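Asker: Read off the chains here:
2 protein chains.
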Amino acid sequence: MLAPVAWRTPPRHYGPWELVTSLLTEGLVARGVDVTLFATLDSVTTAELRGTSPHGYAEDPARDGRIAEALHVSNVLAHSADFDLVHNQLDWLPLAFSQHCAIPMVTTIHGFSGAEILPAYRQGRSAYVAISNSDRSPELDYIATIHHGIDLEALPFNAFPGAGLVAFGRIHPDKGTAEAIRIARAAGRKLVLCGIVQDERYFAEQVQPHVDGDRVQFLGSVGPEQRAEVLGSAAVLLHPIAFDEPFGLSVVEAFGCGTPVVAYRRGSMAEVIDDGVTGFAVPGFAEAVAAVDKAVDLDRAGVRKRAEERFGVDTMVESYLRVYRQLIDSRTN
Amino acid sequence: MLAPVAWRTPPRHYGPWELVTSLLTEGLVARGVDVTLFATLDSVTTAELRGTSPHGYAEDPARDGRIAEALHVSNVLAHSADFDLVHNQLDWLPLAFSQHCAIPMVTTIHGFSGAEILPAYRQGRSAYVAISNSDRSPELDYIATIHHGIDLEALPFNAFPGAGLVAFGRIHPDKGTAEAIRIARAAGRKLVLCGIVQDERYFAEQVQPHVDGDRVQFLGSVGPEQRAEVLGSAAVLLHPIAFDEPFGLSVVEAFGCGTPVVAYRRGSMAEVIDDGVTGFAVPGFAEAVAAVDKAVDLDRAGVRKRAEERFGVDTMVESYLRVYRQLIDSRTN
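Those protein sequence lines, which keep their order, are chains B and P. Each residue of the first sequence is one higher than the one before, counting from 1 in our numbering. Each residue of the second sequence is one higher than the one before, counting from 1 in our numbering.
What the hints contain is simulated information worked out from the structure, not anything from laboratory work. Since the model is a prediction, treat every value here as computed from it, not as a measurement. Ideal Cβ placement from N, Cα and C applies to all residues, glycine included. Take these hints with a grain of salt, some might be off.
[What the hints assert, rightly or not] Examples of chain P residues toward chain B, derived with CB under 7 Å:
1. D64
2. H100
3. P119
4. Y121
Using the sequences plus the hints, can you model the full thing?
Answerer: Below you can see the structure in the form of structure tokens.
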């Protein structure tokens, strides 16, 4: 299991790729699969842990991320002959060097940073897993689409939320933080904002001026422990994204707590949200404001139930096991 | 020969790493060495040419340079077993993946972009060549220091220059373009500026306002054909750098034309300039202004002669051949 090394696996706070990698790894080990996790050396896992980075480069300003990633990937490939399969969770660099991989590789594409990144995917010797059908590139062949799973035990159902709304994710124009503030105000509800500040200027100009600690609260980065509490105690999660988000982990995490979602209908949102059951994927501002009260009226137990049916970590682990078997069978046959 | 793929080898205009790579490659082929040049596929060489990039990524905004470099490096390493030696001219990425190189590697370190890049060098399975003694890192072992060589035929001696000065290199604070303007003005001489604009804001704010087409001329990027004419017709090359430049190819190219140099005494300048023979390496502005007239009085034939003795391409090629033999002998013994 080739994890990214931007953050620890699992991450202390932010780090969705590392979080999904951790959930899958632990799920595989629990099923008796012999997994070696190549990740930062401060990672926490029941698998065998190996790596070259003492800790995440995003947590150490003295570290050059490009070099940390290259040393990490080179190390995994150099030991690839000891394994049956490499599962690459680290974007394009292992693909560019995939001719040095002695065994089959499968890559989960966590999203494309841009079209100029496709050449590494087109020539990569790897099977590809999409994290949503909406994120599939027509230029690539995929072995499967596997939605991310969540740890349903760590995200318990909350039948008695407050009346306020929550927006969860990096503070960045892509995530629509300022748009969420406008929607909450128009809907006449309080809003709690959570997430690392990724765009300092956007935060200072368009978010911070509205933070008053009452109508709009800003909690900053919220780690795994607080996540269930913050998501579960909200009436609705607002997710008015301004980009084609490939999956949206916080949306599904909200479902786990029984919290419905009002999102802008871009990227994977129409695929992830069951309209009228777990929330509403709407085209714009006015529809979002109108959808808030409708979402509050949804059956929260039904939201949780749908999360269990579609987005449990077991579902994800079993889907990946099918992919692994298919790849290993096609090699030995 | 693993060339960089930012530019063609040799470059059309700017591209000092690709230029040196080309001079060495052609010199080796002329001596009967069987060289395969891995470079952009529009490169021009008498060696066998192979590669993965149709042209330099710096010449194509649609191309992601990180991916172009990774695919290129992976391809070279995948074919390394066909050769006796890999000569890496492409910085740290081949070092990070050097455990996938089947044969000895030697790396010319064209300069360190920063201290955070050293981990890739420390663990690289490669011999290292410094391009000046001043650029040696105390943390690394080196097999040799080899100064860059220049094509003395393409840089003919000019005994009858004008009275004006020239500054040659990227337009960037590091290169001291604005400082050269101040020195020329204080010395009462005209100045010609040549180079690609690498820092747009610096150019707009500190360079362009002084360009009047008379006292200060700006020629932009000057390709190989014009280089000898521009350098040779100057009375003195100004090189008031604001960083520890590891070599300074334009300084030595000026010597080839018989043009002495007044430089700030940083990085390799005291090592490259023979004080009182090929120019003056001075501590600051006042000394530079005073040194201009002294440099004009130097014997230009003596400058050319010293270039032939120290910086001819043959000297460089023979030095590298000694390094190659040493590496191959130490492997077979």
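Asker: Determine for every hint whether it applies to the structure shown.
Answerer: Taking the hints in turn, this is what the structure says about them:
Residue-level restraint check for D64(P) holds (minimum Cβ-Cβ distance to chain B is 4 Å; threshold 7 Å). About 5 Å separates the beta-carbon of H100(P) from the nearest beta-carbon of chain B, less than 7 Å, and the hint is met. Interface restraint check for P119(P): the shortest CB-CB distance to chain B comes to about 6 Å, inside 7 Å, so the restraint holds. For Y121(P), the shortest C-beta to C-beta distance to chain B is roughly 10 Å, which exceeds 7 Å, and the interface hint is violated.
In summary, the structure is inconsistent with hint 4 from the numbered list given earlier, while agreeing with all the others.
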